[in-house]
Structure formats: structure tokens, C-alpha cells
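Can you build the whole structure from these sequences, using the hints too?
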Amino acid sequence: MLVGRIEVAAFKRYARAVVDLPVKGITVVTGDNGAGKSSLLDAVAWAGWGRTMGGANPWQAAQGGPACVAAIEGPAVEVRRERTGRKTTLTWSQPGVAPVEYETTTKANDALEVVIGSFDMWRRTHVF
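With the working numbering applied, the sequence shown covers 4 to 131.
Please keep in mind that the hints were generated in silico from the structure rather than gathered at the bench.
Beta carbons are placed, not taken as given, at the ideal position from N, Cα and C, and that holds for glycine.
Hints are supplied without guarantee of correctness; some may be wrong.
Claimed, not checked - Below, computed lysine to any residue pairings styled on SDA-like, alpha-carbon distance capped at 20 Å:
| hint | residue 1 | residue 2 |
| --- | --- | --- |
| 1 | Lys110 | Val80 |
| 2 | Lys40 | Leu5 |
| 3 | Lys90 | Val118 |
| 4 | Lys110 | Arg83 |
| 5 | Lys90 | Val117 |
| 6 | Lys90 | Asn112 |
| 7 | Lys40 | Leu24 |
| 8 | Lys40 | Ala79 |
| 9 | Lys27 | Lys110 |
| 10 | Lys40 | Gly53 |
Claimed, not checked - FRET-style restraints, in silico, Cβ to Cβ:
| hint | residue 1 | residue 2 | range |
| --- | --- | --- | --- |
| 11 | Arg126 | Val21 | 18 to 28 Å |
| 12 | Lys27 | Arg126 | 32 to 42 Å |
| 13 | Lys110 | Lys27 | 31 to 41 Å |
| 14 | Lys40 | Asn60 | 12 to 22 Å |
| 15 | Glu106 | Thr30 | 34 to 44 Å |
| 16 | Asn36 | Val103 | 36 to 46 Å |
Shown next as C-alpha cells:
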């Protein structure tokens, strides 16, 4: 999965952030310890598979508003995972294909994994 854009709100250390990534080449994210580099990686993992690299809850506990969001947009699929209160929703679509509504987040997750591959494969091939 090529990631073209990451949007997060009330996710880990970010109140709100949007990161546009180049279509080609290697992207290097640098910064001091605690600057949020791993949080961007976790945003990709959370949006795609509903998991973080360390397994921790990524949502800010003090978030008072509706919908914390982690989203990925790429050339093959657009994914949005939102959390309102204790409920997490997942919506995703492929350009040129009519979006499908799923009965549960689990069913949406399973269908998405067929398109983008497994978490373990992504982690082994895309994360250094």
C-alpha cells in the first residue's frame, strides 16, 4: 500500500496533523525523541488494520469532541477510521468502485485486508 496522505486528529500526540507524502521516492521522517515520528507510523497501521505497532490505544483520552480520525489516502484505496466515544467505525473505498457498506467494522476490516494485505506483511516489508 502506497501512502499518499495521512490525516490525524486527537491521535496519540497529535491534536491535528496532515502529512502529504510524495508519490515516488523514499520518505525520511526525522525529529527529536517524543516529536511524533512513531505516531505517524501508528496512524498508518491504525487506519489500515486497526492496530498500532506497540498495541497501545492511540486515541487521546481527554478528547471531548466527536470523532477522532486516522486516515490514509493512496492510489488504490482510501481508508478512514473514526472514533466517537467508545465506538470505532471504518469506511474505505477504491477509486472508480462504488463504496460498499458493511454490517460491522470487523467485516469491513476483513474485506479491506484482502485489498491491502495483512498487517504482518506490511510491517515486515514497509517498516524499518
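Hints and how they fare:
no.	hint	verdict
1	Lys110 / Val80	17 Å, holds
2	Lys40 / Leu5	18 Å, holds
3	Lys90 / Val118	24 Å, violated
4	Lys110 / Arg83	15 Å, holds
5	Lys90 / Val117	23 Å, violated
6	Lys90 / Asn112	15 Å, holds
7	Lys40 / Leu24	14 Å, holds
8	Lys40 / Ala79	24 Å, violated
9	Lys27 / Lys110	32 Å, violated
10	Lys40 / Gly53	18 Å, holds
11	Arg126 / Val21: 18 to 28 Å	24 Å, holds
12	Lys27 / Arg126: 32 to 42 Å	22 Å, violated
13	Lys110 / Lys27: 31 to 41 Å	34 Å, holds
14	Lys40 / Asn60: 12 to 22 Å	19 Å, holds
15	Glu106 / Thr30: 34 to 44 Å	36 Å, holds
16	Asn36 / Val103: 36 to 46 Å	41 Å, holds
The structure does not agree with the numbered hints 3, 5, 8, 9 and 12 stated previously, though it agrees with the rest.
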